[in-house]
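With the numbering used here, the residue at position 12 of the sequence shown is 12, and numbering never jumps.
Since the hints were derived computationally from the structure, they do not count as laboratory data.
Since this is a predicted model, take the numbers as computed values, not measurements.
The reader is advised that the hints may include incorrect statements.
[Claimed, not checked] Mimicking BS3-like on lysine-lysine, the simulated pairs with C-alpha atoms at most 27 Å apart in a straight line are:
1. Lys109 to Lys81
2. Lys22 to Lys81
3. Lys182 to Lys109
4. Lys81 to Lys182
[To be verified] Label-pair ranges, simulated between beta-carbon atoms:
5. Glu59 to Ala134: 34 to 42 Å
6. Ala70 to Ala198: 31 to 39 Å
7. Gln159 to Leu95: 22 to 30 Å
8. Ala216 to Glu121: 46 to 54 Å
9. Leu95 to Tyr28: 33 to 41 Å
10. Arg14 to Ala208: 46 to 54 Å
11. Gly115 to Ala70: 25 to 33 Å
Backbone N, C-alpha and C define an ideal beta-carbon position, used for all residues, glycine too.
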Amino acid sequence: MPALPAPDYPVDVRARLEADAKEVIARYPGARSALLPLLHLVQAEEGHVTRTGIRFCAELLDLTTAEVTAVSTFYSMYRRKASGDYQVGVCTNTLCAVMGGDAIFEDLKEYLGVGNGETTEDGAVTLEHIECNAACDFAPVVMVNWEFFDNQTPRSARQLVDDLRAGRSVEPTRGAPLCTFKDTARMLAGFPDERPGAVEATGGAGAASLIGLRLAKGEAVPGRGADHVIAPRATTDGASDGTGGEPPSGHPADEPPAGHPSSHDAPQQTSASDDQHPAGPTAEEGE
Numbered sequence: 001m002p003a004l005p006a007p008d009y010p011v012d013v014r015a016r017l018e019a020d021a022k023e024v025i026a027r028y029p030g031a032r033s034a035l036l037p038l039l040h041l042v043q044a045e046e047g048h049v050t051r052t053g054i055r056f057c058a059e060l061l062d063l064t065t066a067e068v069t070a071v072s073t074f075y076s077m078y079r080r081k082a083s084g085d086y087q088v089g090v091c092t093n094t095l096c097a098v099m100g101g102d103a104i105f106e107d108l109k110e111y112l113g114v115g116n117g118e119t120t121e122d123g124a125v126t127l128e129h130i131e132c133n134a135a136c137d138f139a140p141v142v143m144v145n146w147e148f149f150d151n152q153t154p155r156s157a158r159q160l161v162d163d164l165r166a167g168r169s170v171e172p173t174r175g176a177p178l179c180t181f182k183d184t185a186r187m188l189a190g191f192p193d194e195r196p197g198a199v200e201a202t203g204g205a206g207a208a209s210l211i212g213l214r215l216a217k218g219e220a221v222p223g224r225g226a227d228h229v230i231a232p233r234a235t236t237d238g239a240s241d242g243t244g245g246e247p248p249s250g251h252p253a254d255e256p257p258a259g260h261p262s263s264h265d266a267p268q269q270t271s272a273s274d275d276q277h278p279a280g281p282t283a284e285e286g287e
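Required output: the full structure, derived from the provided sequences and hints.
Pasting the structure below:
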């Protein structure tokens with residue numbers, strides 16, 4: 001068991017953090033609402049949420065260290081142990097996984113010699129698998145300190161971590177320029193990103209997303225003929241907006257089925273509705 005209570009910050013560090021913390025707390029009608037950004041603030045100081053950081057947050061917000069600990073251990077964005085300057089997260093959720101995310105993650109574990117949530121010996125890279133970051137049209141995606149590196153392969157991911165460990169300049173595929181994890185944590189605490197051009201940097205939707213949007217609007221797919229247009233859906237009478245019902249195949253020459261705005265909305269034959277192939281027990285419970 002660690003000695004209690006946790007040690008305090010050095011006087012100069014505490015004074016600086018208190019000034020920042022008071023600025024954060026003033027944004028909220030209730031002081032304890034500032035706990036999440038304050039945890040980011042102390043994480044920006046040491047790279048993870050330490051016992052000293054927990055004590056600091058508890059004292060300023062009039063909470064117990066148990067209450068602060070409960071919150072800091074609930075959210076995965078708060079690190080519980082020392083981590084690297086660069087958090088390299090490989091998306092292993094469904095689409096990224098099948099597009100190569102699983103292979104990238106396994107390759108990086110072997111290449112770096114670390115497991116999930118572990119840090120390289122030089123303290124540069126912490127590797128972890130992450131959940132979906134809503135960038136499926138760029139799959140497989142790797143994130144470094146929450147900045148996107150799209151359409152990755154095992155080879156490109158290896159080059160990425162090599163550059164990070166060597167201190168070479170690395171540019172995300174889209175979004176703001178890359179900075180250290182501590183810098184990222186300070187921004188998440190609510191302090192401005194003062195790097196030139198960082199705020200203006202952004203990234204738009206990918207080509208796959210835009211094609212889906214055009215299809216939803218009834219527009220032609222870029223580079224394809226009009227036979228790939230899917231008309232907008234109509235009501236059951238087939239005339240909600242003058243465009244008529246949606247063809248069952250998406251082809252304008254086909255007629256929609258009577259009584260249904262879309263063939264996709266029609267009842268489908270399933271095991272539950274097939275008398276010849278029923279699903280589950282055929283008798284009522286207790287018979």
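Right, here's what the structure says about each hint:
no., hint, in the structure
1, Lys109 to Lys81, "19 Å, holds"
2, Lys22 to Lys81, "26 Å, holds"
3, Lys182 to Lys109, "23 Å, holds"
4, Lys81 to Lys182, "14 Å, holds"
5, Glu59 to Ala134: 34 to 42 Å, "37 Å, holds"
6, Ala70 to Ala198: 31 to 39 Å, "34 Å, holds"
7, Gln159 to Leu95: 22 to 30 Å, "23 Å, holds"
8, Ala216 to Glu121: 46 to 54 Å, "49 Å, holds"
9, Leu95 to Tyr28: 33 to 41 Å, "37 Å, holds"
10, Arg14 to Ala208: 46 to 54 Å, "49 Å, holds"
11, Gly115 to Ala70: 25 to 33 Å, "26 Å, holds"
Hint check: no violations occur; every hint is consistent with the structure.
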